[in-house]
Amino acid sequence: MFLKEYIKDVYNGVSSLLKGMRKTGYYFVHPKEIITEQYPDNRAYLNLAERFKGEVIMPHDENNEHTCTGCTACELACPNGTIKVVTKFEVSPEGKKKKAIDTLVYRLELCTMCNLCIVACPSDAIKMAPNFEHSVFDRTKLTKVLNHPGSKIKEGIE
Amino acid sequence: MYNQTEILKDTSELGTEGELVINMGPQHPATHGVLHLVVTLNGETIKKIEPHLGYIHRSIEKMCESLTYRQFIYVTSRMDYLSSHINNLGCALLIEKGIQIEVPDRAKVIRVILSELTRIASHELWLGAMAMDLGAFTPFFYAFREREMITEIMEDTCGARLTMNYIVPGGLMYDLHPDFQKKVKAFVKQFKAKVTEYEDLVTNNIIFQSRTKGVGILSAEDAISFGCTGPVARASGVSCDIRKIYPYEVYDKVSFNEILDTAGDSFARYMVRVKEMNESIHIIEQLIDNIPDGDFVGKTKNVLKLPKGEFYTRVETARGEFGVFIVSEGGTTPHRIKFRSPGFSNLSALNHMAVGSKIGDLMATMGTLDLVIPDIDR
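Each protein sequence line maps, in turn, to chains A and B. Start counting at 1 in the first sequence, then tack on 212, and there's your number in this note's numbering. Start counting at 1 in the second sequence, then tack on 20, and there's your number in this note's numbering.
This is chain B alone, in the form it adopts within the complex (with noise of 0.2 Å):
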């Protein structure tokens, strides 16, 4: 990492060579957030990529110290935000883990069915977002109006939009919205019914196709070496789906199927999330008629204590692997933690991907890693 002085210099170096150095971020529209890249270019080719992090770090990680395992939890919300249900989860299971609680079947259900949802909103925030890094003004609000339906739910049931810190270990903070099975069913059914329109406003236009086939081809080697999860990996052929590889929860007793594309383009991505989104209905619709009755929360003490050990558990979020790894010395706070965040990771590919295309290429291709920058910062 560079500090400001050294930036200086190189520009000045580089620009005697003919080349230029721009700044994109951090307040470009583009990069989703406080994300600075610093991209050398020859004329309109990209030379190099530099990402500079740090603009909304808020020591996640340190802060989680200082707080009790039934505390810590609603942090992790505000790391990947369009995938905080599943933060959430992961931290969680790795307190029942460690703990050994006991989860209730009706709770597995649930928090499965929740994770698939919040899987598709995020999706669908990424679709409409990524259409619009790309010029196309209008699959946003598309994209947003099934998204809605979504939040309304978790809005009805989790008592929040955007955060909900509904899972606490050995289960629920509480039951089910009573109406929550109809709005499900609901919202299935729209969603299967407009998603044809995805296909004739973005994947069949013949704009999005020119700028997305063949444009930051990322190859499997690459992917494995560069640590990259989730949709992006898969893109490129890499089997690394948490949820089939290491089932958690019920995702062994349902039957979905990982996508998986070899082109490992902008656009092998952006079918990858889409199919994705129909494989998560698919889960949705095996478990919404089978939860379980009973209790939504396992009988658990008071005040938690880990026993004394290192506890590792991964989870699968909307943008890949999220780790988490506690160590403890047997108190009341985890000792040290680290979270292991997919957008970092991929966002490291991204000086491999774009070198050697044009600067509006950068675009396509740094849409479609999905970045979350406070998940890349935390």
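Pulled out of the complex, with its shape left as it was, chain A reads as follows (with noise of 0.2 Å):
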């Protein structure tokens, strides 16, 4: 009795492990249906989703010009303080003063990618880029101005 479980079981567990084998050995003779990506050898091929949240970008069309009013809406959405905007006045040709971004710092460091700063913009001035290689050797260089240099805001943007 006891030695034809003893069988039993060693049948059983030869045929189990030769059916898993069978699986892994099918994969093994069809290369073509392994999905395994190279990752740091195809980035020139790597498409991320368009919506991937990787940092807070400003986009600047040709004439330098972007559309963010300096409401602070992103700043006052967002959970852990990473947006400071810095306002300044600017003083018109009529001689009206207006409102104006001098700088709108983005603290990478700081941020969880969770998009409330996009979402709160009343004039999509910023949107989420799909860049996720940000190591760099130095700390300071997480501290980002979105605005470019010299930039300005849109015509009939309020």
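Among the hints, erroneous ones may be present.
The calculated lysine-lysine pairs, modelled on BS3-like cross-linking and capped at a C-alpha distance of 27 Å, are [to be verified]:
| # | chain 1 | residue 1 | chain 2 | residue 2 |
| --- | --- | --- | --- | --- |
| 1 | A | K244 | B | K209 |
| 2 | B | K321 | A | K311 |
| 3 | A | K235 | B | K325 |
| 4 | B | K358 | B | K325 |
| 5 | B | K203 | A | K235 |
| 6 | A | K235 | A | K220 |
| 7 | B | K233 | B | K128 |
| 8 | A | K310 | A | K300 |
| 9 | B | K205 | A | K235 |
Hints were generated in silico from the structure; no laboratory data involved.
Take each chain as given, in its own frame, and dock them per the hints.
So, in structure tokens, the structure goes:
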């Protein structure tokens, strides 16, 4: 009786093992079905999703103009204090004072990519970009100024 | 909880009786994080297990008290990071209940589909990691192949692979990706074709079966008294699926079975999770062609204020019941917030389940509890 069960156990063990080995053997001889991606080598054809939340950027057009009015909605929406909007007053040729941004400081090291600032922005001045290779040797390089030097607000954006 | 000197004192005392205290963790690969188990052994038999917590405590509950009702949702993704979408859903449901926000039908259906996808992704990761704990390395890659399809769907629609933060009070952050339905259908087809591979590799494997059957038995009474929820309690025969008992969103309109098992051992917990994946696929199949048109977010005020009072909601995450409790004073931030996380209660049953078994069986018992340490420590 004992011997019978022992042989049955061995038979079951070997057969279940072979069943599993057959599965792995199938993929061994069908290398096209393997989906492994070799990351640093596939940078050229690596296509990330367009919505991928990698970092906050401020798009500028060809005239170096952005649409940020300096309303600080993003600063208020941010849970971590990642964004700091420094505003200034621009004096127009007619002598009118107008609020505008001096710098929009973005601290990548504090950002959790929660997307709340993008949703809060009333003029779509900032958006998420799919860059994910952020490692630098110096921590201070992670503090960025989003508006380009010499840029100004687009006409007609209030 | 011991302090450091007491641990040393205990060790010397027990050493005289021929017992041995070993520290498993906080950097042990099989604890899936920084869980520290102080295991008292007699030979190879476990006498006592004492989990030491606090290595990854970030005081999320206190942190949430300084954030507004729109901001605190993203923090909950960092608790149970494998079912972050469902955590966010729980918080959003509470705010919607408190302020009486009307959520559009489209948002409700999308939320459920994404919740079920999250549940499958979580169970897939658990299956791979659990088999790896028991020495089988191959199933890990097979499980991650299907999980990768889900993370790509999440990446397309939510913009992130793990900490989505796609849910806002009143609906969703933005509309679905145009390819969403096509990709989900492709995933469902692939999953149904490939789920038999898990049976060949893991379920029917004789080594896996003999290492999990009859190991770490938890009776139904103990599961209730320890407050276990989710697949851990359902494997012991306790009916505790929040989706069935207190249906939220559109769970009362879809048909699915609550998977129950009565054995209460590690193999039963394994089978419950594998069958739950099939049920989630069944839910997705019913909803994916019936996403109603319309808005994806309801009308809300810019600044949300919960009325004065106490609020509680619960949702079923991949690990069990996740509850949010908020005491509001009527301001823009919660006065006090408490999360009921499933992992903490499930971990508390570990000592009861593992005492008397061998140290090698501890891996099987702990693996099937599906612990996520940031969920336990918060």
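Each hint tested on the structure:
Simply put, K244(A) and K209(B) have alpha-carbon atoms about 19 Å apart, close enough for the 27 Å limit, and the pair holds. The hinted pair formed by K321(B) and K311(A) meets the criterion: a straight-line CA distance of about 26 Å does not exceed 27 Å. Among the hinted pairs, K235(A) with K325(B) is inconsistent with the structure: their alpha-carbon atoms are about 56 Å apart, more than 27 Å. Of the pairs offered as hints, the one joining K358(B) and K325(B) holds, with about 18 Å between alpha carbons and a cut-off of 27 Å not exceeded.
As the CA atoms of K203(B) and K235(A) are separated by approximately 26 Å, the hinted pair is consistent with the 27 Å bound. Of the supplied pair hints, the one linking K235(A) and K220(A) holds, its CA atoms being roughly 23 Å apart against a limit of 27 Å. In summary, the hint linking K233(B) to K128(B) is not supported, as the alpha carbons are separated by about 40 Å, beyond the 27 Å threshold. About 8 Å separates the Cα atoms of K310(A) and K300(A), which keeps this hinted pair within 27 Å; it holds.
Of the pairs offered as hints, the one joining K205(B) and K235(A) holds, with about 25 Å between alpha carbons and a cut-off of 27 Å not exceeded.
Checked against the numbered hints given earlier, this structure breaks hints 3, 7; the rest are met.
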